[in-house]
Amino acid sequence: MQGRLGRHQSNVAFLFITPTMLLFAVFTLIPIVLSLYFSFTNYDVLSRIEFIGLDNYKRMLDDHILWVTFRNVFIFSVIYVPFNLAIALSLALLLNRPRRGVGTFRTMYYVPTLTSGVAAATVWLWLLNPEYGLINQLLSYVGITGPAWLATTDTALISVTMVILWQTVGSNMIIYAAGLQGIPDYLYESARLDGAGAFACFRYITLPSLKPTTFFVSTMTIIGALQLFDQPYVLTQGGPANATRTVVYNIYQSGFNELQMGYASAQAFLLAAIILIFAFINMRLNKEGSMI
Amino acid sequence: MKNMRWFAALVVIVMVLGTLMACSNNAANNTGNNTKGNNTTNAEQPTTNGKKVEVTFWGDWGGDGAIPFNVMVDAFNKSQDKIHVTYVIVEDMITKFLTASTSGGSPDIMFWDRWRTASYAPKGVLAPIDEFMKADGVPNTDFYEQALKELSSDGKLYGLPLTVDARALFYNKTILAEKGLNPPTTWDELADVAKQLTVWEGDKLVRSGFSLADVGLFNMTLQQAGGQMLNEDGTKPSFNSPEGLKVLEFWNKLMNVDKVYKLGFEAGLGEGTDAFVTGKVAMIYTGPWMLSNYMKYGKDLDFGVVAPPSGPTGGKGSVMGGFGLVIAEASKNKEAAWEFEKWWLANADNALLWAKTSNNIPGNLKAIADPFFQDNPLYKPFMETLEFAKIRPTFSGYFPMEEKAVTPNLQLFMEGKQDAATTLKKAEEQGANELKNAK
Numbered sequence: 001m002q003g004r005l006g007r008h009q010s011n012v013a014f015l016f017i018t019p020t021m022l023l024f025a026v027f028t029l030i031p032i033v034l035s036l037y038f039s040f041t042n043y044d045v046l047s048r049i050e051f052i053g054l055d056n057y058k059r060m061l062d063d064h065i066l067w068v069t070f071r072n073v074f075i076f077s078v079i080y081v082p083f084n085l086a087i088a089l090s091l092a093l094l095l096n097r098p099r100r101g102v103g104t105f106r107t108m109y110y111v112p113t114l115t116s117g118v119a120a121a122t123v124w125l126w127l128l129n130p131e132y133g134l135i136n137q138l139l140s141y142v143g144i145t146g147p148a149w150l151a152t153t154d155t156a157l158i159s160v161t162m163v164i165l166w167q168t169v170g171s172n173m174i175i176y177a178a179g180l181q182g183i184p185d186y187l188y189e190s191a192r193l194d195g196a197g198a199f200a201c202f203r204y205i206t207l208p209s210l211k212p213t214t215f216f217v218s219t220m221t222i223i224g225a226l227q228l229f230d231q232p233y234v235l236t237q238g239g240p241a242n243a244t245r246t247v248v249y250n251i252y253q254s255g256f257n258e259l260q261m262g263y264a265s266a267q268a269f270l271l272a273a274i275i276l277i278f279a280f281i282n283m284r285l286n287k288e289g290s291m292i
Numbered sequence: 001m002k003n004m005r006w007f008a009a010l011v012v013i014v015m016v017l018g019t020l021m022a023c024s025n026n027a028a029n030n031t032g033n034n035t036k037g038n039n040t041t042n043a044e045q046p047t048t049n050g051k052k053v054e055v056t057f058w059g060d061w062g063g064d065g066a067i068p069f070n071v072m073v074d075a076f077n078k079s080q081d082k083i084h085v086t087y088v089i090v091e092d093m094i095t096k097f098l099t100a101s102t103s104g105g106s107p108d109i110m111f112w113d114r115w116r117t118a119s120y121a122p123k124g125v126l127a128p129i130d131e132f133m134k135a136d137g138v139p140n141t142d143f144y145e146q147a148l149k150e151l152s153s154d155g156k157l158y159g160l161p162l163t164v165d166a167r168a169l170f171y172n173k174t175i176l177a178e179k180g181l182n183p184p185t186t187w188d189e190l191a192d193v194a195k196q197l198t199v200w201e202g203d204k205l206v207r208s209g210f211s212l213a214d215v216g217l218f219n220m221t222l223q224q225a226g227g228q229m230l231n232e233d234g235t236k237p238s239f240n241s242p243e244g245l246k247v248l249e250f251w252n253k254l255m256n257v258d259k260v261y262k263l264g265f266e267a268g269l270g271e272g273t274d275a276f277v278t279g280k281v282a283m284i285y286t287g288p289w290m291l292s293n294y295m296k297y298g299k300d301l302d303f304g305v306v307a308p309p310s311g312p313t314g315g316k317g318s319v320m321g322g323f324g325l326v327i328a329e330a331s332k333n334k335e336a337a338w339e340f341e342k343w344w345l346a347n348a349d350n351a352l353l354w355a356k357t358s359n360n361i362p363g364n365l366k367a368i369a370d371p372f373f374q375d376n377p378l379y380k381p382f383m384e385t386l387e388f389a390k391i392r393p394t395f396s397g398y399f400p401m402e403e404k405a406v407t408p409n410l411q412l413f414m415e416g417k418q419d420a421a422t423t424l425k426k427a428e429e430q431g432a433n434e435l436k437n438a439k
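Just so you know, the protein sequences line up as chains Z and F, in that order. Here the first sequence is numbered in my numbering, starting from 1 and rising by one per residue. Here the second sequence is numbered in my numbering, starting from 1 and rising by one per residue.
The set of hints was computed from the structure by calculation and includes no laboratory data. It is possible that part of the hints are untrue.
To be verified - On the chain Z side, residues computed to face chain F include the following (Cβ under 10 Å):
| no. | residue |
| --- | --- |
| 1 | Asp63 |
| 2 | Ile65 |
| 3 | Val123 |
| 4 | Pro147 |
| 5 | Asp154 |
| 6 | Ile158 |
| 7 | Ser190 |
| 8 | Asp194 |
| 9 | Asn282 |
Built from N, CA and C at the ideal position, the CB exists for glycine as well.
Please model the entire structure based on the sequences and the hints provided.
See below:
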């Protein structure tokens with residue numbers, strides 16, 4: 001039974017969450033509902049907003065470029081997400097031991113995350129130049145002629161993926177490091193008393209204890225990967241031959257440069273649905289895993 | 001205490017409804033504005049009881065780029081006492097203009113990348129200036145005809161040209177002199193000179209004779225071959241033609257037979273290490289906007305400019321681009337904005353002042369007659385080029401077509417992944433689709 005005090009508390013709680021809910025409603029919920037509506041119209045921001053039924057969604061079926069961008073983003077995600085998680089966890093494990101200089105290394109791995117994305121991309125553009133870039137210079141010392149990394153369709157996407165890995169692995173590393181700190185020492189101590197080796201400790205203590213962290217990190221990384229936009233925009237402008245064009249870039253072009261906000265909204269909804277599906281799959285995988 | 005919950009709920013409801021109403025109002029106003037059309041005649045008079053009319057001028061050139069704008073604004077403000085103009089630097093200007101034209105806060109006059117006229121003017125967000133032109137007796141013949149065409153839509157004129165530009169061939173005099181070569185005037189000469197200037201060391205390209213970095217040069221090269229990007233009414237691509245094939249054969253010769261370039265060669269080389277400045281590229285197509293940049297290097301970079309070499313049948317071609325000033329339909333001070341635009345662009349002296357302070361070629365033909373342009377060997381080739389340069393087709397589907405259909409296929413061709421016939425055919429099919437969808 002709810003007492004006087006309880007009711008008072010719940011009232012105050014309502015008061016406290018109201019501003020957040022308001023902001024959420026105004027800046028997130030309403031725009032989402034509106035853009036769902038726009039996706040069924042020929043909205044162009046400026047002059048018209050007429051209901052056109054499923055035309056935008058039908059148009060997506062024939063939109064050759066749209067499917068190219070989805071393919072690019074999938075290939076990117078398949079490489080990027082597992083590598084990002086694996087590298088982030090390895091770095092976190094490596095830097096979890098209280099040794100001298102660990103702080104310096106932690107900072108070093110985290111610095112790319114703090115650098116402005118555009119500035120970093122500009123530096124990478126130069127590093128990846130086929131003739132004068134540092135990377136191909138180094139390769140030439142061992143007799144290899146490096147490819148034109150960002151300029152050919154075969155290597156552009158993988159080059160972009162590498163740059164983004166370098167740039168984003170630090171933030172996941174920090175989250176994993178925090179997760180590692182949260183694992184109580186007595187678990188390892190008792191395991192070691194029972195004769196467990198380093199690998200067994202990792203497999204049966206560290207990994208399961210990090211389950212919530214992994215779930216969070218993988219979800220955010222998947223969402224981030226599917227919404228890829230800025231690095232390819234700076235590095236390659238989606239080229240060559242659309243090899244690095246992403247879904248969000250396509251949405252941006254449709255909405256703001258071609259003034260087809262209705263069609264852009266439809267694409268955004270398709271992307272949102274796909275993100276939802278992957279987030280759901282990820283959730284299921286993590287849940288099943290925790291049964292072990 | 002119970003009231004408090006109700007109060008909170010009420011606040012939420014009011015806020016939500018308020019926002020929804022604001023949004024639907026916008027949509028309604030939107031269509032309303034559009035039907036009003038060019039209701040410019042009853043705009044506010046510049047003189048209102050001795051108080052100055054405030055005009056807001058939007059542009060997206062900041063930093064040093066803002067200086068010439070402020071020079072012009074200050075000069076105009078001093079020249080009379082009825083109108084006061086303020087230059088506002090707006091980043092991401094087009095996106096902001098989209099929202100500003102529908103929800104208030106619209107600028108009165110705007111710095112305008114002319115090619116956008118084709119997609120924005122039909123939406124009714126720009127104010128036509130035909131009646132102002134007639135009333136003030138400003139003749140169309142004072143301006144580059146092609147530039148005015150790019151600022152027109154459906155028979156109405158939406159602004160005057162501020163700058164005009166077109167690409168011409170920049171060449172490194174020192175490198176050409178070493179080999180005793182003259183700047184090329186035809187495709188054959190271009191290929192020959194480029195080949196002789198190219199230097200390879202094993203599989204490393206040390207110096208490229210001619211930059212092939214930008215497949216966007218297809219349009220101007222096609223004009224040189226005598227072809228066109230679109231048919232007359234803008235409904236179909238017309239580059240899948242013998243002329244289009246000639247362009248690709250020419251590029252194939254440069255890229256794969258003579259090997260004067262390597263993909264990605266210039267990527268990531270910033271201003272200080274620009275491939276043309278450092279002599280890594282001997283010849284390059286670029287525009288007058290690079291002049292002041294290259295001139296900075298003085299003796300270290302001895303360069304010249306010639307009009308683009310002509311094609312196999314003597315065709316000349318370059319693409320004219322540039323900026324204009326347009327008045328927003330949502331502006332309440334259209335007449336004052338026009339006074340400013342007229343003072344700046346229709347008056348040859350002021351157009352010239354702008355041109356000299358900003359190092360741009362003005363759209364005003366009288367201003368161009370000045371010795372500043374006619375006697376300068378670096379500007380002279382651009383004057384020649386602008387005589388025959390053509391604007392991009394003025395259809396809203398042209399840009400999506402170029403970006404999504406033509407460029408990607410040309411890049412595949414340059415990489416050797418697609419033959420010329422397939423490239424043109426695929427670009428044509430996908431391009432036709434983009435044209436159709438842009439309606």
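Going through the hints against the structure:
1. Asp63: Nearest chain F Cβ about 8 Å off; hint holds.
2. Ile65: 5 Å, holds
3. Val123: This hint holds: Z:Val123 lies near chain F, its Cβ roughly 8 Å from the closest one there, short of 10 Å.
4. Pro147: This interface hint holds because 9 Å falls under the 10 Å limit.
5. Asp154: 9 Å, holds
6. Ile158: Since chain F brings no Cβ nearer than about 14 Å to Z:Ile158, farther than 10 Å, the hint is violated.
7. Ser190: 50 Å, violated
8. Asp194: 55 Å, violated
9. Asn282: Check failed: Cβ of Z:Asn282 comes no nearer than 32 Å to chain F, outside 10 Å.
Hint check: violations occur at hints 6, 7, 8 and 9; the rest are consistent with the structure.
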